[in-house]
Structures are given as C-alpha cells and as structure tokens.
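**Student:** Now for the letters of each chain:
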Amino acid sequence: MNPRIALVLKLAALVGLIVFPSFGSSFYTEMVAKMLILGIFAMSLDLLVGFTGLVSLGHAAYFGIAAYTVALLTPKYDPANFWIALPAAVLAAAAAAFVIGLFVLRTKGIYFIMVTLAFAQMVYFIFHDTALGGGSDGIYVNFKPDATIAGWQPFNLDEPLQLYYFVVAALVAVFVFLTLVLRSPFGKVLVGIRSNEHRMQSLGYATFRYKLAAFTLAGGLAGVAGFLYAVLFGFVTPEYLSWHQSGNVLMMVILGGMGNLAGAVIGAFAFIGLQEMFADWTKHWQLLMGGVIVAAVLFMPGGLSALPGRVLKKLNQESKHG
Amino acid sequence: MDFTIFLIQILNSLQYGLLLFLVASGLTLVFGIMGIINLAHGSFYMIGAYLAFALTSLTGNLMLAIVLGLPLAFIFGALLEWLLFAHLYKRDHLEQVLLTYGLILIFEELRSLAIGDDVHGVNIPALFSASIPLSDTLSYPVYRLLISAVCIALAVGLWWLMQRTRLGMMIRAGSHDRDMVQALGIDINLLYRTVFALGVALAALAGMLAAPISSVYPGMGGSVLIISFVIVVIGGIGSVWGALIAALLIGFADTFGKVLVPEFAGLAVYLVMAIVLLWRPEGILKKG
Amino acid sequence: MAEADLQIRGTASAAPAAQGDVLLVADKLTRRFGGLAANQDVCLSLERGMLHALLGPNGAGKSTCINMLSGDLPPSEGRILLRGQDVTRLSAAQRSKIGIGRSYQRTNIFPGFTVLENCRLAAQSRNPRPWKIFTDALGLTDTLERARAAIVEAGLAGREQRIAGTMSHGEQRQLEIAMVLATDAEVLLLDEPLAGMGSEESAQMVELLKRLKQNRAILLVEHDMDAVFAVADTITVMVNGVVLESGPPEQIRNSADVQTAYLGDGHV
Chain A
1 MNPRIALVLK LAALVGLIVF PSFGSSFYTE MVAKMLILGI FAMSLDLLVG
51 FTGLVSLGHA AYFGIAAYTV ALLTPKYDPA NFWIALPAAV LAAAAAAFVI
101 GLFVLRTKGI YFIMVTLAFA QMVYFIFHDT ALGGGSDGIY VNFKPDATIA
151 GWQPFNLDEP LQLYYFVVAA LVAVFVFLTL VLRSPFGKVL VGIRSNEHRM
201 QSLGYATFRY KLAAFTLAGG LAGVAGFLYA VLFGFVTPEY LSWHQSGNVL
251 MMVILGGMGN LAGAVIGAFA FIGLQEMFAD WTKHWQLLMG GVIVAAVLFM
301 PGGLSALPGR VLKKLNQESK HG
Chain B
1 MDFTIFLIQI LNSLQYGLLL FLVASGLTLV FGIMGIINLA HGSFYMIGAY
51 LAFALTSLTG NLMLAIVLGL PLAFIFGALL EWLLFAHLYK RDHLEQVLLT
101 YGLILIFEEL RSLAIGDDVH GVNIPALFSA SIPLSDTLSY PVYRLLISAV
151 CIALAVGLWW LMQRTRLGMM IRAGSHDRDM VQALGIDINL LYRTVFALGV
201 ALAALAGMLA APISSVYPGM GGSVLIISFV IVVIGGIGSV WGALIAALLI
251 GFADTFGKVL VPEFAGLAVY LVMAIVLLWR PEGILKKG
Chain C
1 MAEADLQIRG TASAAPAAQG DVLLVADKLT RRFGGLAANQ DVCLSLERGM
51 LHALLGPNGA GKSTCINMLS GDLPPSEGRI LLRGQDVTRL SAAQRSKIGI
101 GRSYQRTNIF PGFTVLENCR LAAQSRNPRP WKIFTDALGL TDTLERARAA
151 IVEAGLAGRE QRIAGTMSHG EQRQLEIAMV LATDAEVLLL DEPLAGMGSE
201 ESAQMVELLK RLKQNRAILL VEHDMDAVFA VADTITVMVN GVVLESGPPE
251 QIRNSADVQT AYLGDGHV
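Protein chains in written order, with the UniProt record's numbering: chain A, 1 to 322; chain B, 1 to 288; chain C, 1 to 268.
Honestly, I wouldn't trust all of these hints.
Said to hold, decoys possible - Calculated pairs, DSBU-like style, for lysine-lysine (alpha carbon to alpha carbon, straight line, at most 30 Å):
(1) A/76 to A/34
(2) B/90 to A/10
(3) A/313 to A/10
(4) A/108 to C/97
(5) A/10 to A/34
(6) C/97 to C/132
(7) A/10 to C/210
(8) C/28 to C/210
(9) A/34 to A/283
(10) C/210 to C/97
(11) A/313 to B/258
(12) C/97 to C/28
(13) A/108 to C/132
Everything labelled a hint here was simulated from the structure, so no lab data went into it.
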C-alpha cells in the first residue's frame with residue numbers, strides 16, 4: 001500500500017478511536033479498550049513472530065506476569081502508585097522474558113515453539129499452584145493505580161473515559177516506539193535475522209544477543225498490555241498466562257498479517273470481534289472460532305491486511321480475462 | 001520415606017512415565033518423519049478417554065471398549081490426515097501451530113456438545129480391580145500394574161515394528177531422507193497416513209487406559225499435550241527411544257515432585273526440561 | 001583466563017613476524033566426522049596481495065576446510081591464526097568482526113531485500129554502535145557509503161534497488177562478494193564464486209578477483225581450472241582430506257601426482 005494512504009488510514013483510525021466513546025455505550029467503550037490492549041499485546045508478539053522470525057507460543061507468560069505484578073503491588077484497601085506499578089510490571093515482564101530467553105533462544109524451529117510453550121506453562125503453574133497470586137481463583141485489583149504526584153493528578157484511571165484514552169495513548173506510544181525501533185539499525189538486524197540468520201552471523205552479528213534483546217523487549221511490551229488489562233478489569237487469574245491466551249494472541253498476529261504493526265491491531269479487533277459475535281450466538285462459540293482459524297490457515301495466507309491486495313489482484317485478473 | 005511407600009512411588013512413576021511415552025511416541029514420530037508440529041495431539045488422548053467412557057457405558061466393559069475404540073481411533077487418525085494434515089506438510093511451522101490450535105478448540109467443543117462438561121469416572125474391569133497387599137496398610141492396584149505391562153509390551157512392539165519390519169524400515173528411512181523413500185518406490189502418502197494414524201491410536205489408547213485412574217474431564221488433553229512436548233524436547237525430536245527415556249524421567253520427576261515438594265509439584269517437570277536444555281539444547285538423543 | 005592470555009601471546013611471538021603480509025594461517029587443521037577425517041593436518045597460508053586457490057575433486061574436503069577457517073565448523077585439531085593471533089575458538093561472527101569474510105557455495109543472501117539493503121546490513125555490522133534503537137538506520141551515512149562502494153566494487157553499480165532474489169544467478173554471486181566487501185574484510189574466503197556462471201559472467205568475475213586481491217588475501221575454492229590458473233598465485237590441491245601438493249601454478253600444472261589424482265578421478 002502507498003505509505004501516504006496508509007498514514008491517512010492510520011490517522012483516520014485514530015480519530016475514530018478518539019471520538020468513539022461519544023457514540024458507543026460504556027459497554028462497547030470497554031470492549032474497544034480491551035481490543036486496543038490486546039492490540040498492544042499482539043504488536044509485541046509481532047516483533048518476534050513477524051519481524052524476527054521467532055514463533056513464540058508462550059507470550060502470555062509476560063502479559064500475565066505484568067498483570068500479577070500490578071495485583072500484588074496493590075494494597076488491599078488502597079490504590080498502588082501508578083508511577084511505581086507500571087514500571088515494575090513492565091520490568092518484571094521484561095526480566096522474565098530475559099531469563100526465559102536465555103534458555104529458549106538456544107533452540108530453533110519446532111523446538112523453539114515447544115520450549116516457549118513449556119516455559120510459559122511453568123510460569124502458569126507458579127501462579128496456579130502456589131498461594132502467591134491467589135492460586136487458581138485469581139486475585140482482585142481492588143483499586144486502580146493512582147497517578148497523583150505531589151498533590152497533582154494528571155489523569156485518573158478510575159474514570160472509565162480517562163482510562164480509555166490512556167489505553168489509546170498507550171497504543172499510539174507503543175506503535176510509534178516499535179516503528180522507530182524497526183527503522184533503527186537494531187530493527188534492521190532483527191529483520192535480517194528473520195530472513196537469514198546464518199548469513200547474519202557470517203556478516204559479524206552475534207545474533208543470539210539481538211534475539212535476546214528482541215525477546216526481552218517484546219516481553220516488556222507484553223507487560224504494558226498486561227498492566228493495562230489488569231487495570232481495566234480489576235482482576236487477574238492464571239488464565240491470563242494460559243497457553244490458550246498465547247495461542248489467541250498468535251492468532252491475532254496471523255489474522256492481521258505478520259510483520260505489520262497496524263495489522264496486529266486489526267487482528268486483535270477482528271479476533272475479539274468474532275469472539276464476541278460468536279459468543280452472542282452460542283455457548284459453543286469456540287467451535288466457530290476453531291473453524292475460522294482452520295479456514296484462515298487453509299485459505300487465507302498473508303492475513304487480513306493482505307486481503308485488500310489479494311482482492312484487488314483477483315479483480316485485476318478477472319477484468320483482464322473479462 | 002518408608003520403603004513400601006518408596007516402592008509404590010517407583011511403580012507409580014513407571015506407570016505414569018510409560019503412559020506418557022505412549023502419547024509422546026506418536027508425537028515425536030509425526031515431528032520426526034513429517035516435520036509437523038501437532039498441538040492437537042493432546043486432543044487424541046482426550047478423545048481416547050472419552051471413547052473409553054462412552055463405549056464402557058455402552059458395552060459395560062472397559063476391555064471391550066478398548067478393543068472397539070482402538071480401530072476407531074486409527075480410522076479417525078487416517079481420516080484426519082487425509083482431510084487436513086496432508087495439506088500441512090509444505091506449510092511452515094507457524095501455520096501448523098495455528099491450524100492444530102484451531103482443531104483443539106473444535107475437538108473440545110464437539111466433546112462438550114456430545115458428552116457435556118461433567119467429570120465422569122470409568123470403572124476398572126472386575127478382573128483387574130484387585131490390589132496386591134504390600135504391607136498391613138498399603139497395597140498396590142493390579143490395574144496400574146496392568147497399564148505398565150501393556151505399555152511395556154507396546155514399547156517392545158514398537159521396537160519390533162521399527163527395527164524388524166518393512167514398515168519400520170520405511171519409517172526410519174523416511175525420517176532421514178524423504179527423496180530416498182520415494183526413490184525406493186514407496187508410497188509416501190500411505191506411509192505418512194499410517195504413521196499419523198498409528199500416533200493417534202497410541203495417544204487414544206493412553207487416554208483409554210488412563211480413564212479409570214484419572215477419570216475423564218474437559219481440558220484433560222491440554223496438560224498431557226504440554227507434558228508430551230516437554231518429553232519430545234528432552235528426548236530429541238524424532239527419537240522414539242529418546243522419548244522413552246524422557247517419559248520415564250518425567251514420570252519420576254513428577255511423581256516424586258508431588259511427594260517431596262507438593263507446593264511446587266507442577267514445576268518439577270519444567271525444571272528437568274530447563275536442565276536438559278542447558279546441557280543438550282537438542283535433546284538427549286538428537287536425530288541426525 | 002591468565003593461561004589463555006599467555007597462549008595468545010605465545011602464539012603471537014611464535015608466528016612468523018618477519019612475513020608481515022601473511023594474514024591467515026591454517027596450522028594442521030583436522031576435522032573428523034565420526035571416524036572419518038574430512039580434513040587431516042591441512043596447512044595453508046594466505047598473504048595480502050595474493051590469491052590462494054584450493055583445488056580438489058568433489059569430497060576432497062575443500063568445503064570443510066573453508067568452513068573451519070570461517071568459523072562455521074569447529075576443527076577437531078589444529079590452529080587458525082589471523083595476523084599471528086590464535087582465532088581457532090572464535091565464532092563466525094567474531095571472525096567476521098576481525099576481518100575474515102566469506103561467501104558461500106550455495107548463494108546465501110537476503111533474497112527479499114534490495115541489493116543495497118543486503119550490503120547495508122553487511123556494512124552496518126561494522127557500525128560501532130549497532131544498539132542505538134532510535135536512530136534511523138538509513139541515516140548512517142558512513143554505513144550507506146560503505147555499502148554503495150562495495151556494490152560498485154563488485155560490479156553491481158546501478159542495481160542497488162533490485163530485489164536480490166529476482167536477480168540472475170551471476171548477479172547474486174556478485175552480491176555475495178559485495179556483501180563480504182561491505183564488511184571491510186581483509187581476508188576473503190570465497191567458496192566457488194563461479195559456480196553455475198556462464199562464460200561471460202565468469203570472465204567478469206575473474207577480472208573482479210584480480211582487482212580484489214590487490215590489497216586483500218583471498219582463498220578461492222573453485223572447480224573452474226581456467227579461472228584458477230588465470231588468477232591464482234598459489235595453488236593447493238587436496239585429495240581425500242589431505243594436502244596433495246601446494247605451490248605456484250606452474251608447479252601444480254606439471255605435477256605428476258596432481259595429474260594422477262585428477263585423471264584417476266575422471267577430472268582433467
């Protein structure tokens with residue numbers, strides 16, 4: 001797509017997000033906030049899957065660790081300090097990604113997929129089996145973090161509307177941040193690793209370090225999403241780091257088209273949109289979701305963001321034939 | 001720990017490890033030979049367990065249920081390969097992950113539609129329901145010994161199949177060199193279909209055997225799948241014997257983990273994996 | 001750690017200091033796969049301004065040798081010295097950093113990237129600050145210039161924006177070399193750069209090799225005898241993993257042993 005058109009579309013989408021609460025009910029505003037948070041989550045995974053070529057099937061671990069960090073930092077009858085909770089959540093997620101990365105990045109291909117899944121499951125059991133985070137029942141975040149500094153409150157996350165705009169701002173910030181990272185020398189190295197890691201090594205790149213940095217960064221950004229998710233819903237359960245969550249976010253990345261940051265967000269919207277729609281129809285909505293996933297893999301290589309291009313191509317071909 | 005309890009734990013470890021081997025052997029064969037990562041493999045275990053429940057309810061006997069269920073599972077596997085997996089060989093791992101992830105959702109919901117979401121028990125056949133007394137208060141159920149015996153028999157059978165039969169020769173050749181297999185005039189599609197169906201049947205059998213011990217419940221496939229992944233990773237992708245060693249290792253780690261550090265029992269398995277990964281990133285028995 | 005230091009210093013002093021232009025030395029390199037020795041006690045030396053060709057029938061161990069020199073394969077025994085320093089234990093990436101560059105027998109490029117981006121990535125590996133995450137990679141003018149110079153030197157001028165994977169085989173082989181040049185390598189290990197090339201492309205490549213060797217040391221693995229005898233200053237012939245003979249082209253041309261080895265193998 002022409003970069004100028006793409007930019008216009010992105011700005012239009014942003015305007016749409018900004019005015020949305022004036023039209024949608026609070027129910028839909030919360031749903032869109034959820035989609036945006038999962039969009040951040042999907043972008044963080046896309047850095048690995050789409051740009052570095054690392055198919056991680058355990059990305060929910062970092063999302064969940066950040067969510068639990070907020071929950072554990074929130075006192076029972078008081079809000080946590082926002083300026084501590086957010087950095088702590090992101091750092092905890094990034095630190096976990098760094099340590100797990102040291103192990104999983106020693107492997108490649110199918111091994112990598114399985115080992116990322118296994119380590120995420122290990123983290124899942126830490127929260128599921130021990131009393132640390134309320135066990136399998138989960139834990140409440142009774143108060144949303146408070147951003148007051150020296151008596152001044154720049155924003156109030158207790159206000160649903162302000163929380164919504166905070167999520168929008170976070171999405172924009174993560175999008176811009178990743179765009180900058182990807183055009184930097186570091187980002188170019190990641191894309192080179194995806195294309196041909198062996199050649200990168202023979203050109204003098206110690207690829208392990210770059211992959212570890214990408215893995216840690218992606219973990220930290222997943223942590224941003226996990227933080228927001230815990231704040232939005234006020235509740236954290238081990239399901240946040242279950243492997244279904246990892247599978248779902250991978251699906252969002254694929255639906256949107258790998259290696260495309262905006263696509264990851266579109267994928268999150270599409271996935272949650274379908275999920276809500278199917279859940280409206282039937283208790284057994286996962287059956288439909290599974291069907292969509294299977295069909296998407298079989299019939300739709302390139303994801304949703306490749307769809308306009310493919311439709312155009314098809315139309316072109318038909319007009320040529322006709 | 002008293003010796004009798006220790007003995008019981010050893011027997012339990014063996015039984016659990018051998019059962020896991022049944023699931024993991026099919027998984028590792030499918031990885032090794034066809035290069036496919038199959039997240040839905042755990043579902044075959046779940047399907048086996050529910051087949052055992054449904055057929056036992058119908059026929060009144062687990063043994064009969066297994067005799068009926070095994071061919072069903074094999075046919076189901078062959079059909080699935082023909083319908084879906086045969087289209088995945090040329091796809092990349094990511095697409096395989098997604099498609100098989102979608103399958104899990106479908107299988108779970110179909111299970112929910114057909115049987116519901118309740119937990120069901122399956123009776124141990126009267127013939128094997130006894131226990132062997134080990135001390136005044138402790139005894140060991142015959143059925144668990146039976147599981148171990150069946151699994152050992154199957155492991156030996158698998159060894160015989162791989163080493164002594166034409167099919168095994170083709171499987172071993174296939175995992176080394178696809179072109180050579182085709183050059184030998186072997187029908188590779190048939191070979192793949194057979195191996196896949198065999199893997200499904202083994203996983204389903206594991207589910208059937210485990211049904212009376214663990215009862216049948218929603219989501220039982222997921223945990224088995226991930227443990228099987230760990231086994232395949234530890235054993236080395238494609239190596240059946242690596243899977244056997246790893247499965248026993250995990251059987252012991254998990255069983256003794258539960259006894260010795262109950263708080264962190266779920267972690268023992270993953271700690272073993274982490275250590276093996278540090279020691280040998282490509283598994284104990286790496287396939288060339 | 002102290003021991004390792006001593007060892008490096010030890011080898012440095014033991015290296016032939018008088019020959020200042022010897023860049024890379026392979027000292028009794030041996031590589032075994034199982035019981036089979038793919039390379040046995042192979043010795044080579046590469047000098048600046050010289051092209052050293054490695055000849056031998058298929059399976060003679062040429063690729064194994066080049067893989068050991070580049071760091072793609074660890075040797076079972078023996079040492080590799082760069083400017084007198086022991087580099088045997090360094091990874092491929094570390095060796096690239098200190099000036100050993102290689103091209104591959106099977107074209108090994110970034111097929112989806114432009115020619116410029118292929119070379120820019122190569123040149124960027126020399127950037128002292130590759131970790132800056134907020135600078136525009138395309139704004140590193142130094143890196144860009146190096147990439148462009150390498151493209152021109154390898155004879156690909158005007159094709160900067162072509163997608164590498166869509167170019168002809170010969171152009172891709174040139175790109176391989178351009179990428180090595182962009183890393184500022186002083187030692188070039190070239191694995192069959194002429195493989196699959198037409199006669200015109202081959203002639204161009206030979207000219208390129210002549211130009212390149214002027215201020216670098218080159219190891220050339222090649223099957224094309226005409227090309228080898230046209231550019232090589234030294235030729236080493238390997239058979240069954242061992243060095244059969246090594247010397248100037250004239251000596252190799254007239255060697256009875258080499259004749260037998262090649263004729264015996266059906267080659268001429």
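**Student:** All hints are to be evaluated individually against the structure, with a verdict given for each.
**Tutor:** Hint check results:
1. A/76 to A/34: Within the cut-off at roughly 25 Å; holds.
2. B/90 to A/10: 35 Å, violated
3. A/313 to A/10: 23 Å, holds
4. A/108 to C/97: Answer holds: residue 108 of chain A to residue 97 of chain C is near 24 Å, not above 30 Å.
5. A/10 to A/34: 19 Å, holds
6. C/97 to C/132: 19 Å, holds
7. A/10 to C/210: Outside the cut-off at roughly 53 Å; violated.
8. C/28 to C/210: Holds. Residue 28 of chain C to residue 210 of chain C sits at ~28 Å (cutoff 30 Å).
9. A/34 to A/283: 21 Å, holds
10. C/210 to C/97: Given pair residue 210 of chain C, residue 97 of chain C holds - Cα atoms ~24 Å apart, limit 30 Å.
11. A/313 to B/258: Between residue 313 of chain A and residue 258 of chain B the Cα gap is close to 59 Å, so the pair fails against 30 Å, i.e. violated.
12. C/97 to C/28: Distance of about 24 Å is within 30 Å: holds.
13. A/108 to C/132: 27 Å, holds
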